[in-house]
Structures are given as structure tokens and as C-alpha cells.
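Residue numbers (UniProt numbering), protein chains in the order written: chain A, 1 to 356; chain B, 1 to 356; chain C, 1 to 356.
The hints are simulated quantities; they were obtained by calculation from the structure and are not laboratory data. Computed from a prediction, not measured in an experiment: that's the story for all the values here. Incorrect hints may appear among the rest.
Mimicking BS3-like on lysine-lysine, the simulated pairs with C-alpha atoms at most 27 angstroms apart in a straight line are [as the list claims (entries may be wrong)]:
hint: 1; chain 1: C; residue 1: LYS100; chain 2: B; residue 2: LYS317
hint: 2; chain 1: A; residue 1: LYS153; chain 2: B; residue 2: LYS194
hint: 3; chain 1: A; residue 1: LYS317; chain 2: B; residue 2: LYS317
hint: 4; chain 1: B; residue 1: LYS317; chain 2: A; residue 2: LYS266
hint: 5; chain 1: A; residue 1: LYS168; chain 2: A; residue 2: LYS266
hint: 6; chain 1: B; residue 1: LYS336; chain 2: A; residue 2: LYS333
hint: 7; chain 1: A; residue 1: LYS168; chain 2: B; residue 2: LYS296
hint: 8; chain 1: B; residue 1: LYS336; chain 2: C; residue 2: LYS266
Computed from the model, here is a short list of chain C residues facing chain B with C-beta under 8 angstroms [said to hold, decoys possible]:
hint: 9; residue: LEU50
hint: 10; residue: GLN144
hint: 11; residue: THR297
Using N, Cα and C, we set each Cβ at its ideal position, and we do this for glycine too.
Residue-level listing of the chains:
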Amino acid sequence: MTSHQFYLDELARLVQGELIGQSDLVLVGLSSLEQAQSQHISFVNGEKYLQEARASHAGALIVTATLKNQLNNHHNFIVVDNPYLAFAILTHHFEDKVLKRGIEATAQIADSAIIADNAYIGHYVVIGENCVVGEDTVIQSHVQLDNHVEIGKACFIDSHVTITGKAKIANRVRVHANTVIGGEGFGFAPYQGKWNRIVQLGSVQIGNDVRIGSNCSIDRGALDDTILKNGVIIDNLVQIAHNVVIGENTAIAAKCGIAGSTVIGKNCILAGGVGVVGHINIADNVTITGMSMVTKTISVAGSYSSGTGQFESNHWKRTVVRLRQLADVPLTKIVKQLDHMQAQIEHLESTLKSRK
Amino acid sequence: MTSHQFYLDELARLVQGELIGQSDLVLVGLSSLEQAQSQHISFVNGEKYLQEARASHAGALIVTATLKNQLNNHHNFIVVDNPYLAFAILTHHFEDKVLKRGIEATAQIADSAIIADNAYIGHYVVIGENCVVGEDTVIQSHVQLDNHVEIGKACFIDSHVTITGKAKIANRVRVHANTVIGGEGFGFAPYQGKWNRIVQLGSVQIGNDVRIGSNCSIDRGALDDTILKNGVIIDNLVQIAHNVVIGENTAIAAKCGIAGSTVIGKNCILAGGVGVVGHINIADNVTITGMSMVTKTISVAGSYSSGTGQFESNHWKRTVVRLRQLADVPLTKIVKQLDHMQAQIEHLESTLKSRK
Amino acid sequence: MTSHQFYLDELARLVQGELIGQSDLVLVGLSSLEQAQSQHISFVNGEKYLQEARASHAGALIVTATLKNQLNNHHNFIVVDNPYLAFAILTHHFEDKVLKRGIEATAQIADSAIIADNAYIGHYVVIGENCVVGEDTVIQSHVQLDNHVEIGKACFIDSHVTITGKAKIANRVRVHANTVIGGEGFGFAPYQGKWNRIVQLGSVQIGNDVRIGSNCSIDRGALDDTILKNGVIIDNLVQIAHNVVIGENTAIAAKCGIAGSTVIGKNCILAGGVGVVGHINIADNVTITGMSMVTKTISVAGSYSSGTGQFESNHWKRTVVRLRQLADVPLTKIVKQLDHMQAQIEHLESTLKSRK
Chain A
1 MTSHQFYLDE LARLVQGELI GQSDLVLVGL SSLEQAQSQH ISFVNGEKYL QEARASHAGA
61 LIVTATLKNQ LNNHHNFIVV DNPYLAFAIL THHFEDKVLK RGIEATAQIA DSAIIADNAY
121 IGHYVVIGEN CVVGEDTVIQ SHVQLDNHVE IGKACFIDSH VTITGKAKIA NRVRVHANTV
181 IGGEGFGFAP YQGKWNRIVQ LGSVQIGNDV RIGSNCSIDR GALDDTILKN GVIIDNLVQI
241 AHNVVIGENT AIAAKCGIAG STVIGKNCIL AGGVGVVGHI NIADNVTITG MSMVTKTISV
301 AGSYSSGTGQ FESNHWKRTV VRLRQLADVP LTKIVKQLDH MQAQIEHLES TLKSRK
Chain B
1 MTSHQFYLDE LARLVQGELI GQSDLVLVGL SSLEQAQSQH ISFVNGEKYL QEARASHAGA
61 LIVTATLKNQ LNNHHNFIVV DNPYLAFAIL THHFEDKVLK RGIEATAQIA DSAIIADNAY
121 IGHYVVIGEN CVVGEDTVIQ SHVQLDNHVE IGKACFIDSH VTITGKAKIA NRVRVHANTV
181 IGGEGFGFAP YQGKWNRIVQ LGSVQIGNDV RIGSNCSIDR GALDDTILKN GVIIDNLVQI
241 AHNVVIGENT AIAAKCGIAG STVIGKNCIL AGGVGVVGHI NIADNVTITG MSMVTKTISV
301 AGSYSSGTGQ FESNHWKRTV VRLRQLADVP LTKIVKQLDH MQAQIEHLES TLKSRK
Chain C
1 MTSHQFYLDE LARLVQGELI GQSDLVLVGL SSLEQAQSQH ISFVNGEKYL QEARASHAGA
61 LIVTATLKNQ LNNHHNFIVV DNPYLAFAIL THHFEDKVLK RGIEATAQIA DSAIIADNAY
121 IGHYVVIGEN CVVGEDTVIQ SHVQLDNHVE IGKACFIDSH VTITGKAKIA NRVRVHANTV
181 IGGEGFGFAP YQGKWNRIVQ LGSVQIGNDV RIGSNCSIDR GALDDTILKN GVIIDNLVQI
241 AHNVVIGENT AIAAKCGIAG STVIGKNCIL AGGVGVVGHI NIADNVTITG MSMVTKTISV
301 AGSYSSGTGQ FESNHWKRTV VRLRQLADVP LTKIVKQLDH MQAQIEHLES TLKSRK
């Protein structure tokens, strides 16, 4: 809920929907069906929410025409083809945006940095040599932009973000709190039992409309750059190693990790906790289900899995006992052998019968 | 070890234990049995530590009556029913607490924020509009409280924590360094091949006595709030997605991730690295063992698993070969077929025997 | 790529390699074979890169003698035994080092802290009572060193790092951004349905040449210390719980988690996403493959696994159906029974044959 305020017909216009009911109904918040009060608008995301919708105290509902006809106890609607999308659009109008502009007196900005006039630079932000911050970009408190970092227009960088490794960030990028972009990749040459650090000299390129959650680590490349293309969305606590390339509009859920130099295609979805090994390729339009490990190149679009859902623990323990035996059990041979033995038995039976 | 100093009889009183030995023995630290010196007190956590206890140089031991009778070479004891609990209590007396009060001159605090007189606000803390910080709460350096964040009494918020999304935090809550509370949930409406951001308008509610480790991400809700109830304890690097609800006294170990809108009951334990999918329910008193994935609602209290312990790698490789065959092996049918064939063979044998 | 500049013979001398070609060739950057231009030097990491090397526009190549003989279209070489190591060495010469020294005016440093004259303390750094920072150590902006933290010589501590719990860090240690060292371990004594916090009184000891990535959590010990020995390297988003001990030169990849009191030997390698339970030991020279869970002590050097690579999702679903049956399938008994039945069948066949 927020303190914004709209008439129902304003909201209908914002989502290009059909208004049904009281056009000057005042609405002060978007709400879930369950929590909504009379001054709130809610949305009905399909037939399975009809019962909840009927019971809702929402003042107005965003619905499809079909849903509307099943909600006779409500009187105020915005009718659209895709209520979820309409809801997504309206959230932007109820957002508490950061409206501040200018540079807080406590920010430390190198003389060579270029900050657009209508950017906002928060308290205790530190901006290094030759950095660039574009128009309408908001940088919250305590952010550190190391030398040569460039950030485009209309970006939002939340508190405690560290951007280093000369990263270049395009427009309308959102980076949530405490994320690190451009940190040094994990590169070491083993020699005589020790790890010799390979200084990482590549950078990070982040395209337009990319979204990165909180507490993520996106490392700079070793020589070439780590690249997130336009429209990539990333949840919290995600690791993107050096020289990874992620294709347009790919979505990566929380706690995934992508190892070095792996290339992921466009429009992929990685569910939570997925791990991908280094130096492989994943095709466009691939979905990886939760907590799977990807160890080999995937050349064909489709869905891939390896994470196992829960068992009752005693069942699982007995399963693992069998798993430990499994390597020495010639499964396919057993199936063939059974068929062969069955045939032998039947032959014996018919022989015996014929000799009666 | 710390620089605090107590007489043995003071410590006995603090844990309501029976003092045996020298009441004015001076003790300057709690220590492990192995590292303890004569000015330290240690605890014996059961029979299996008896040998270590006998060899310890600790000046005094916290024990049960039964354990005491088996430690004849020691002379100074505090006898209690539960030495581990007594030890837990004493750690609070050896703690180096932050005793500072007041507001450091470098903190940036909005005029509309209300800070209790005996709170501590560290260097470079930034506190936004309409925030509240309660009595005896300690906020370490560089913390960012975004607008409308409220924190109760006697809380401890460590450095570089970001609290945003209008989060409301109750009393005696501890949040360790670099954690993000109230960051935007991962909500996007797919439309025409792109991800349309759903601005997250819900908040976060954190109950009394909650403990959150370092580098965690606790997202604000989409419309309703994300809720951690009283007594929840959470380790490091944990992801709590939008609209998750976690019941009282549930413990979540490091590196777990809970996806959106999942509701977890009271008194549950999630071991390290567990992943839970979104939109499910977990009953009270459920334990999930390490690195399991929970993909379906759990309605019955008990223990659930799916993570597999280590195999020697060649054994594991051969196991995975079999796993890749397993789908096409009709396991239960094989067991039945074997029984059937065995019966057929025995019938054949008896037929043959009868014809001898 | 960087703006540094060397003659080819300078670079050859730095890696003790043999110069072939134009000694005064000016090189301004290290580059990948693919991206290199004529003013760049690249390296050829084995036969499999020969084709890429031939097509490269690099002005000079680091190669072995054998590789050199297969690259007739190139004219400028540095010939060494180990091109990857030579490359690692040269990265240090193309690094943009932080050359600043001294203390920024905005840093807050307790009077009792001791800062070496040629250390660098960045903007908004906060350093507590009795801290020590050694010579040539660089501490980037917004770092928090809590009371009694000691850091040795020539360390690099990146922005937003929190070091607390009286941690002691030796020389040439690198800690990347937003990592937390010395946070409170996850220790609670359960009593009457609640979790009683055990204040953590131990510390953290970090040896020489240790490297810790970004967004890591390294907790202080409960009573004794958490210890990372010399030469340990750790990637991003790694959890090291209280009282863990990690042996020399062990490498831990991103997203691993090590639970409390576990002791890991020397020269081990933990691939990405590995979880290790608490209170176990892992011998020297052990490798754990990606996303495995280690649940029991490993006494013998070697490679261990349990993470499963991806299956096509429908194949995986059918596999999990079988996995859920597996506990009740007596695998080894089946194999024996099959052999026994085969023998019975053959006996029947020979009996029948003999009676023809």
C-alpha cells in the first residue's frame, strides 16, 4: 500500500482498459485480494482466484471480461486482456520514487568524473576518476564507483553497491543493495603447489534494462569482458564469474552460480539455486529447473533438470543405500536377461507340456 | 577469550549452579577445554568430552553432577543440569558489548526521523524520512535506513546493513553485517518476450528476538508483507523472497533460499543449503536436512531430505551412468517378474521331479 | 586492456623467456587471442588454441617452443616452458594498482589505532580502537574495521568490507568488496522451545597470501578461532562457519559453504556450490566436484562427488519416479537371484535334454 491517489478512470486509462462502474472512485493503493479495503484496487489473476475475489473488500478489480461476468457482487472493474500485466503497469504509478536530484554535500567525487545535472548522488557516495553518471540516474548512499566506471541514464543503484573493474553500465539498469560489479575474477595459475594470482584486466558490460538483485557478485573478465546483454534480470545472491556472457532477456533466479567463460543464450530461465560449470554453452530458450547442475553444453532448447525434490528422511536414507549399490547393478542387462530367462522358461514349459 | 573478570561464585550464581571448590577463584575468560588455561572456565558437554576434560588446564569446569564424579583430577566446578545452556548464559557476561550511546557527528539523519536518546548511531549512518530507532538500539557504521524504516528497542544492526522497503523491525533483533532487508522482490510480468518489472509495494515485518546473519537478502513483499515471526534465527547468505512467511522459532542455516510466497511453520529447522520452491506450505516442526530441495507442500511434521552425501568420484560417475538408465528400468515390475519367474521355475522343477 | 606500455624485450625479461622477433615492439596490453590487436600480446595455452592463435591479430605471442614451430604466420614471440604462468606474471605488470598512500580526511580512525605511514585509508573508512594496519596496505572506501582488528602488510581490502570479531589478518591478503570477516557465528542453545544466543567469543585468523572473494561470510569462532591458513584462496559468496580450519593452499570456489568446526586439509579443491557439514575432517589433497555435499569425514586423498549433471526434464522426472521406488528394490539381491535362477533354468534344460 502507498499514499498515492487516483480516480478509477485514471487507472483504467493508464492500462488502456475498459472502465465499468464509478469513474470517480478514489483509490489510494494496490492491494492483494485478501488485504484490500474499499479504497484499494486489486487484480484477479485467473479463475482460481475467483473465490478470493468474491470475498475481497477491494473497491475495484482488474479482470478479464470472462472473470467479470463471474463476479456479480462487485461493481467497479477495469477490464483488460491481461490483468497481471495491467497490475504490473499500475505498480509503477503507486511507487514511491526517489525524487531527489543533485549531489549530497557529503559525496566524494573525483574532479575528472562527469555527473549529469539531474542525477542524484546520495550521502557518502564515493566516485573515482573518469567516472560518468547519466541523466536521471539515482545513486543511493555509500555507493562506491571505482575509477573509470560508467553508468547510463535513468539507472537506480542502491546503497552499498560496489562497482569497480571499469564496468560500463547502460541505461535503465537497476542494481540492488550490497551487490558487487566488477570484482576480481577467480583466476590463479597453479605452480609449484601455490596459486599465482592472475590479475583480471577485463571489465564488465551491462546492457539496457538489466536488473540485478542484492548481494550479487558479477566479476570482471580476465582479459575480455563479462557481458550481461539487454533485458537480463537477475535475483539476489547470484554469482556471475569472469567472462560469462548472458543473452538478452534471460532470467536468473536467486542463488544461481555461473562459472567462468560460460555463454548462456537469450530468453533462458534458470530457476533458483542452479549451478552452471565453466566453459560451456547454453542455447537460447533453455529452462533449467531448481537446484540443477549443468555440466555440459546444451545445444537444444528445452527444459533440463537434476535437482531432486524431498523424500521423507528414512525413505531417502534407504534410497541412498540403494544408490550406493547402483553402480554395480547392470540395469539394462538385467532387463534383457529377464526377457531372455522368461523366454527360456516358456520354452521349457512348452517342451514339458508337449511331452506329457 | 575476553578481558572480563569474575569470581567463580559469581559465575555460579549467574547460572544458578552449585559451586564446588574455591569460591574466590578469579576467571578472566570462557575457553574451550583444549585451549583453556588456569584462569579460564570451560564446560563439559556430555560424556564424550570426559577425556578432553581430564586433560584440560581449565581452572574450573561447568558440569552435571554425573560428569563431576568422573573428573577427580579437577577441583573447581559449577554443577548444573544443562552445562551447554549455562555456557550459553555465561557467554553474555564475557561479551564485549557496544557501550557507546548517542549519535556520531557524521551520521546523516532526516529531520523527521525519531531516534531514542540512548540509541547509538555510528559513523556515516544514513537515516531517511520518518524512520524510528528505539531505545538501546545500536546501529553500527555505514548502515542505511531508507525512508519509513522502523527499528524497535535493544536491536543490534551491524555495519553496511541496508534496510529499505519501509521495513518494520521489532525488539531485540540482531542483523549482521552487509545484510539487505526490504530490497525489491523479483517480480516481473512476461509480455511480448520482455520482462515487465512489477514494482514491489509490500514491506517486511520482523518480530521480536529475530536474528539474521551476514550477507542475507530479505525482500519486501509484492503487495502484502514478507514476515519473519518472533524468535526466527537465520544464518549467513540466506535468501528470503517476497511474501515468504516464517513461523516462530524456526531456524534457517546458511545458504538456504526460500522462494516467493512460501509459508514455513513454527519450530522448523532448515539445515544448510536447503532450497524451498515458491507458493507452498511447510507444517510446524519440520526438519529439512542439508542441501535438500523442497518442491511440494509438507503437511506432516517430520524430517525430509534429498541431498546426497559424497561418493568416491569414480563410483559416483558409474552411479550416474546407472541413473541415466534408471528411467527405462521398470523397477517394481522387475521385482514382481522375478517372483513370478521363480515360481514358474519351481513349478517346472517339481513337475520334472514327479516324472522321474 | 590497460594503458601500460612495454617493449617486447622487457616483457620477455619479466618472465625469463626467450625473445624471438622485434625486441623494441611496443605493447600496450595483454589480450585474448580473439580480441588482440597489433599492439597487444597474447598467450597460447596449448595445442587446442593453435587455430585461434593463427587467426589472431596479436602483435606478439607467449608460447612454448613446440607451439612456436606451428605458428609460422607470426613473427614475435616470447618462448617459455609455461605460457599460462608467464601470462599470470605479466598480468601484474599491466595492473592498475592503487597508488594512493595516506589517510583520506573523511576516514574516522580511533586514537588508539596504529596505521602504517604508507598505508592507504580510503574515504569514509571507520577504524576502531586498537586496530593495526600495516605497511603498503590499501583499504578502500567505506570499510569498517571494528575494535581490535589487525591487518598486516601489503593487503588489499576492497570497499564495504566489514571486519569485526577482533580478526587478525596477516600479510598480502586480498579481501574483495562487501565481504564480512569475523561476524558472529550461528550458535544457539535450544531450551524450552527457544533459541538462546551463544555470544561468540573466538576470533578469526587469516594467514599470509590468503584471497577472499566478494560477498563472503567468514564467522568468528565460538571460543577458539576460525582459521584460514597461508595461501588459501576463496571465491565469491562463500560461507565459512565458526571454528572451521582450512589448510594451506586450499582453493574454494564460489558459493561453497563449510559448516561449523569442520577441518579441511592442505591443497584441497572444492568446486563451486559444494556444501560440507560441520564437525568433520577432510584430508589433504582432496578434490570435491561441483555441488556435492560432504556429510562424512574423508580420510583418504582423492576425488569425491555427489552432484548430478543435467537430464532432459522429462527424462529426469521419470528418473525421480524410479528413485522413489528404489528404496524397496533389493538391487544386490536381484542380481544374485538372477544368477541363481539362470543356473536353475540351465539345470532344467540339461535335465530335459538328457531325458530326450
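Now the hints, each set against the structure:
1. For the hint linking C:LYS100 to B:LYS317, the alpha-carbon distance of about 52 angstroms lies beyond 27 angstroms, and the restraint is violated.
2. For the hint linking A:LYS153 to B:LYS194, the alpha-carbon distance of about 20 angstroms falls within 27 angstroms, and the restraint holds.
3. This hinted pair checks out: A:LYS317 and B:LYS317 have alpha carbons roughly 20 angstroms apart, not beyond 27 angstroms.
4. The straight-line distance between the Cα atoms of B:LYS317 and A:LYS266 is roughly 31 angstroms, outside the 27 angstroms bound, and the hint therefore fails.
5. The straight-line distance between the Cα atoms of A:LYS168 and A:LYS266 is roughly 21 angstroms, inside the 27 angstroms bound, and the hint therefore holds.
6. At roughly 17 angstroms between alpha-carbon atoms, B:LYS336 and A:LYS333 fall within 27 angstroms of each other, so this suggested pair holds.
7. Between A:LYS168 and B:LYS296 the CA atoms are separated by roughly 41 angstroms; this puts the pair beyond 27 angstroms, and the hint is violated.
8. A threshold of 27 angstroms between alpha carbons decides the hint, and for B:LYS336 with C:LYS266 the separation of about 51 angstroms lies outside it, so the pair is violated.
9. Contact between C:LEU50 and chain B, as hinted, is not supported at the beta carbon level, the nearest pair being about 30 angstroms apart and thus beyond 8 angstroms.
10. Because the closest C-beta pair between C:GLN144 and chain B is about 4 angstroms apart, less than 8 angstroms, the hint holds.
11. A distance limit of 8 angstroms between C-beta atoms decides the matter here; for C:THR297 the minimum to chain B is near 10 angstroms, and the interface restraint is violated.
Hint compliance for this structure: hints 1, 4, 7, 8, 9 and 11 are not met, and every other hint is.
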